[in-house]
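**Student:** Given these sequences and hints, build the entire structure.
Chains as they are written, first to last, in this note's numbering: chain P, 11 to 419; chain H, 24 to 330; chain Z, 7 to 403.
Some hints here could point you the wrong way.
Here are the simulated SDA-like cross-link-like pairs (lysine to any residue), alpha carbons at most 25 angstroms apart as the crow flies [to be verified]:
1. Lys245(P) with Asn177(H)
2. Lys317(H) with Val163(Z)
3. Lys317(H) with Thr281(Z)
4. Lys399(P) with Pro150(H)
5. Lys196(P) with Glu25(H)
6. Lys99(P) with Lys348(Z)
7. Lys163(P) with Ser209(Z)
8. Lys219(P) with Pro196(Z)
Looking from chain Z toward chain P, a few residues come up when the C-beta cut is under 10 angstroms (computed) [to be verified]:
9. Leu94
10. Val193
11. Gly206
12. Pro229
13. Tyr230
14. Val309
15. Asp346
16. Tyr355
17. Arg356
Read the hints as simulated data drawn from the structure, not as lab findings. Here a beta-carbon is modelled for each residue, glycine too, at the ideal position from N, C-alpha and C.
Letter by letter, the chains look like this.
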Amino acid sequence: MFKGKPIGKIAAGLGALIFLLGILAGCGGGTKSQEAPKQEGGSQKKVVKIAFIGPLTGPNATEGVGPRNTFELAVNQANKSGKLPFEIKFLAYDDASNPGTAASVAQKIVAEPDVVAASGHWNTACAEATIPIFKAAGIPMVIWGAIGPSLTKEENFPYITRVCPTSVQENIPLAAFVMDQLGRKKWALISSTSVYGKANTEAWQAEVKKRSGAEIVSLDEITDGSTDFRPILSKIKKLNVDGLYYGGNIMEAALIRSQMNELGMKDILMAGISGIVSPKFIEVAGQAAEGVVVTQPGKEPKKMPGGKEFIEEYQKAGYKEPYGAYGAYAYDAANIIITALKEAGTDRKALADKIGKIAYTGLLGTTSFDKTGQTTNSLSTIYVIQDGKFVDWDESKYKTGERKLPGAK
Amino acid sequence: MELIISQILNAVMLACTYTLVGIGFSLFFGAMDIVVFCLGDVAIAGAFAIMALSTVMGVYASLSGILPAPISGIIVVFIGACFTAGLVTLMYRAVIVPFEGKNINASLLSTIAAGIVIRELIGLFYPEGRNPHAFPQLLPAGLIGDNVLLSWRNIIIIAITFIMVMLLYWFVNRTKTGLSIQAISQNKEAAIMVGINWHRIIVITFLIGGFLLGIGGFLTASYFNSLRFDMGAMYGLKGFCVAVVGGLGSIYGAIVGGLLIAFVEVFVTAFIPGGTAYSSVAAFLIVVLFILFKPEGILGEKTVEKV
Amino acid sequence: MGNKIYRYSLAGLSTLGICMALYVCLSSALLVALIVIALAIVILSVGERKNVIDKVYRLIGDNKALNLGIIALFILLLPFLVQGNNYLLHIAIMAGIFSIVALGLNFQIGGIGQINFAPAAFYGMGAYTSAFLSVKMGLSPWLGTLCGLLMAIVLGVVVGFPALKARGYYLSLVTIALQIIFTLMIVNSPWIGGPNGIPGIPSYQIGGFSFRTPVALGGIQLPYQVNFLYLVYILLALFALAANRLYNSRVGLAWNAIEQDPIVAACQGINLTNTQLLAFCLGAAYAGIAGAIYGHYTSFIGVENFDFSQSLIFICMVILGGTDNVPGVVLGAVLLTMIDEKLRDFSGYRLLMYGIVLIIILIIRPKGLLPKRIRVYQQKDRSEYSSHSAVVTGGSR
Chain P
11 MFKGKPIGKI
21 AAGLGALIFL
31 LGILAGCGGG
41 TKSQEAPKQE
51 GGSQKKVVKI
61 AFIGPLTGPN
71 ATEGVGPRNT
81 FELAVNQANK
91 SGKLPFEIKF
101 LAYDDASNPG
111 TAASVAQKIV
121 AEPDVVAASG
131 HWNTACAEAT
141 IPIFKAAGIP
151 MVIWGAIGPS
161 LTKEENFPYI
171 TRVCPTSVQE
181 NIPLAAFVMD
191 QLGRKKWALI
201 SSTSVYGKAN
211 TEAWQAEVKK
221 RSGAEIVSLD
231 EITDGSTDFR
241 PILSKIKKLN
251 VDGLYYGGNI
261 MEAALIRSQM
271 NELGMKDILM
281 AGISGIVSPK
291 FIEVAGQAAE
301 GVVVTQPGKE
311 PKKMPGGKEF
321 IEEYQKAGYK
331 EPYGAYGAYA
341 YDAANIIITA
351 LKEAGTDRKA
361 LADKIGKIAY
371 TGLLGTTSFD
381 KTGQTTNSLS
391 TIYVIQDGKF
401 VDWDESKYKT
411 GERKLPGAK
Chain H
24 MELIISQILN
34 AVMLACTYTL
44 VGIGFSLFFG
54 AMDIVVFCLG
64 DVAIAGAFAI
74 MALSTVMGVY
84 ASLSGILPAP
94 ISGIIVVFIG
104 ACFTAGLVTL
114 MYRAVIVPFE
124 GKNINASLLS
134 TIAAGIVIRE
144 LIGLFYPEGR
154 NPHAFPQLLP
164 AGLIGDNVLL
174 SWRNIIIIAI
184 TFIMVMLLYW
194 FVNRTKTGLS
204 IQAISQNKEA
214 AIMVGINWHR
224 IIVITFLIGG
234 FLLGIGGFLT
244 ASYFNSLRFD
254 MGAMYGLKGF
264 CVAVVGGLGS
274 IYGAIVGGLL
284 IAFVEVFVTA
294 FIPGGTAYSS
304 VAAFLIVVLF
314 ILFKPEGILG
324 EKTVEKV
Chain Z
7 MGNKIYRYSL
17 AGLSTLGICM
27 ALYVCLSSAL
37 LVALIVIALA
47 IVILSVGERK
57 NVIDKVYRLI
67 GDNKALNLGI
77 IALFILLLPF
87 LVQGNNYLLH
97 IAIMAGIFSI
107 VALGLNFQIG
117 GIGQINFAPA
127 AFYGMGAYTS
137 AFLSVKMGLS
147 PWLGTLCGLL
157 MAIVLGVVVG
167 FPALKARGYY
177 LSLVTIALQI
187 IFTLMIVNSP
197 WIGGPNGIPG
207 IPSYQIGGFS
217 FRTPVALGGI
227 QLPYQVNFLY
237 LVYILLALFA
247 LAANRLYNSR
257 VGLAWNAIEQ
267 DPIVAACQGI
277 NLTNTQLLAF
287 CLGAAYAGIA
297 GAIYGHYTSF
307 IGVENFDFSQ
317 SLIFICMVIL
327 GGTDNVPGVV
337 LGAVLLTMID
347 EKLRDFSGYR
357 LLMYGIVLII
367 ILIIRPKGLL
377 PKRIRVYQQK
387 DRSEYSSHSA
397 VVTGGSR
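**Tutor:** Printed below as a string of structure tokens:
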């Protein structure tokens, strides 16, 4: 039955296939071994790699692309300056706001031999997923945008550090402003069910509890991606609140504000933190955005020393996207890593120790880390939206009394 | 009392956004016995087309130079709806025709995949596609009198939905083509036997359904003032739920189903403390219960399983 | 006699070829991997036309021990082949975990022909139960995994119950709804971390040896992934064998009968309720255990890993590989996991790729890479009832 031909054909086919695969496998190995000497001998400078991770696609892509650009800008500037004894290669990875993807990407970064440091994440959940991986590999990671308070811990120091404030730190100045300075006491709270939203809810509740007379009269949690908030807002309208706090991201915040306007709730103050600070908020909310109060840590880049140059360089580099709310953080995170690299060399352990002890002055002011790896820099600015722009409260027409905030007597 | 009235109004408006996509599901299921899962994405693609016409491509601006604003608005919406009709017919050719007469699982998966493809293509190729966009305000936004509950836009949305349903009613019951669609949905073989050109009717059904979807996408985007590339997934799913609750294949069922789902969502949000996070859960639970205990829906005909 | 040795080595060679092809896919760049896959598809379709595939199947089937040995050796040597590269090992582990889920899902898609859109919910149920018990209650991860499996089975009943009443579109909507409810409920439950997920999940331990410590084997320092690699692939082997036995058993036959026509199947005396629920519960058990291992491996789980799009990916794996064909399903899962990881650099196109791949496969190869095979019962019967004649004809069958 099976004599001769068919089996012979199978054998021949198989032989050819295995031969081919062998060649392919050989090529794979071969290119690797050819590359290695090139890097050492071909260019005069040693190459070290720094990885950037952030949401470059998916629902939060807006938040990740700007920081990616500024990070790259910082690396390019450092390479161009000619002061480095090595060449830095910039790697950008996408976590798509998904912890599983983030963990996978982190494994990939850790497996690259020349990676000395990483900077990652806008989403707290993604950072949670990758911290153990980076720590186990002994690669220092500077968090540029994730604000969950639990991320920086003493046992992870100095490998995990963070240049941006936590949600708790962010809410303190906002609460002081709207409750103490403006005297708004009765609050409605809407937050997203995301990690970010939950952290904000807790932080705001804590702030309200600290002040006598202040109270939260309603709390609603919405899932990211919802579009209809009218039922919630109609309910809140009846409660005669002094202000509405939203803890979440741009899209939902903008919809809430525009729907508030529709339902005749324009006279209720809306407040939020850096998650909603984006030109997109004003674009989507339109006219309704006027008078919304937000806070963002740090000062506006253009007001910081070196900020003008930063903005010019960013425009010169030809990036299409705005650098966004977190651009300055990623820029400083990159510079912190580069400064530490300059001083400590490319050993990962020495680099991590150096980052832990750094005192770097950049766009955010002077950044240094406490014993958990959290930045001690607590500059922040209150912005109010005026004529379609985020304007520093101190320079706004609202402060001078020329205009009145929603609900002001 | 005012609270309840305003919540009822919210629910009615939400139902309007669900109804047209629900009708789309029912129409195609009636005509072909298939569920086209990518309808939500098609509708959102239509809304994107309308947005592109009025912002990026500047058609609206150049039209309103010549014509009064409402008429140029209508023209833009009409073009967008025609685009949607074309898109859904393309979907029919690309992902439904190859699976005609085969296992329904194949067409189910292929239409879901087509939905993903549409969504991702918008995300990749529309300028700043993955960012949320403010939808251009083609409908007047002002209030009627001093009453904050009624705005012109809400009235117009309800009116357009109503007109569309009426037109569809007239078309399905009073025209020959519409009667042919009904004939096909009742018995395909018999319909072919009495001389109905099946293929022509199916394509017409898809064109009409697509047109309705385009309008639906436009109304939804106008109601929410915003548009995002991945809105279509949930929109389509809710539309399917609406169609099932109302009775798959029944056009009026989609209206009833839309009202039911919308009322459940709004009232769970409004009157159950802490219920906001569970409003979608409640809506989906209703659907699961319906499928388990009354699969023919509220207005659907009870089908006996054929042996 | 010579023929026998010839066939023996041929069988070994074909398995080796498959292993090498997979290794090449794993370790090389996207383009090379795609070329290998394209090559494999060409070989498959040419082979099918010339009936060679059947012979290869029979060759491999006749020399099971040898082929399993080669595969086992391949997995055993994999860490050395990739020189301890933990990223490649991570891909291999994920491929193994996803294969287990896909095998379980196949009981529903391939077995009773119902598409279950909630496999990620089963997978998540296992992961969350095990993680919750071991983090918050301090239970041993091994026991946690067992509980994860049990809870997944409970969810399997919940999802499987509607399948008794609804079919086709209705069932798909029910499972989609349950999948979405599952993710929403996790997000809304702060006691299991809500949107934060569960960080710091402990790893498995045997004696004092934690699976998360790197090992030195044969003088080479290997990353900790090696432990999980072996664990996952031992389990995958067990589950694949079990799935194969099930397919060949009366249960598998009953599932296929229900797929063809439930009413006729009931007339044949098949208990529809039990048999269909079994397909869901077994599938859930597979996914549950895979989820639990995933949690203990990555030490962090978040709701994003268990949502509807993950379910779609699982379905893609089964459809791509070939429904109701155990090697096919595993192949589909392994290939898609690898391609997915290779596409990291083009992650904007990832979902688009899934959509297009699914449509193309449904149109060009609706039965997947390795299609469902014709059941070969009479062959077994013949060897049982006519064993004497087999001896007379000189063992060539």
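**Student:** Once the shortest beta carbon distance from Tyr230(Z) to chain P is found, is it less than 10 angstroms?
**Tutor:** holds, 8 angstroms
**Student:** Just to be careful, I want the Cα atoms of Lys399(P) and Pro150(H) compared with a cutoff of 25 angstroms; is the pair within it?
**Tutor:** holds, 22 angstroms
**Student:** If you take the shortest Cβ to Cβ gap from Val309(Z) to chain P, is it below 10 angstroms?
**Tutor:** holds, 8 angstroms
**Student:** Next item in the hint list is Arg356(Z). Is there a CB on chain P closer than 10 angstroms to its CB?
**Tutor:** holds, 8 angstroms
**Student:** CA of Lys245(P) to CA of Asn177(H), is that 25 angstroms or under?
**Tutor:** Given that 25 angstroms is the threshold and the Cα spacing comes to 19 angstroms, the pair holds.
**Student:** Hinted pair, alpha-carbon criterion (25 angstroms max): Lys163(P), Ser209(Z). Please report holds or violated.
**Tutor:** holds, 20 angstroms
**Student:** Hint Val193(Z) vs chain P: min CB-CB distance below 10 angstroms?
**Tutor:** Holds, because the Cβ-Cβ distance from Val193(Z) to chain P comes to roughly 5 angstroms (cut-off 10 angstroms).
**Student:** If you draw a straight line from the CA of Lys219(P) to the CA of Pro196(Z), is it 25 angstroms or shorter?
**Tutor:** Holds, at roughly 21 angstroms.
**Student:** Please verify whether Lys99(P) and Lys348(Z) have alpha carbons no more than 25 angstroms apart.
**Tutor:** With Cα atoms ~20 angstroms apart, Lys99(P) and Lys348(Z) stay inside 25 angstroms; holds.
**Student:** Under the criterion that the straight-line Cα-Cα distance not exceed 25 angstroms, is the pair Lys317(H), Val163(Z) satisfied?
**Tutor:** holds, 20 angstroms
**Student:** Hold the hint about Leu94(Z) up to the distance rule: shortest CB distance to chain P must be less than 10 angstroms.
**Tutor:** With a closest approach of 7 angstroms, the Leu94(Z) hint holds.
**Student:** Would you settle whether the hint for Pro229(Z) is holds or violated, based on the nearest Cβ-Cβ distance to chain P being less than 10 angstroms?
**Tutor:** holds, 9 angstroms
The earlier numbered hints are all upheld by this structure, with none contradicted.
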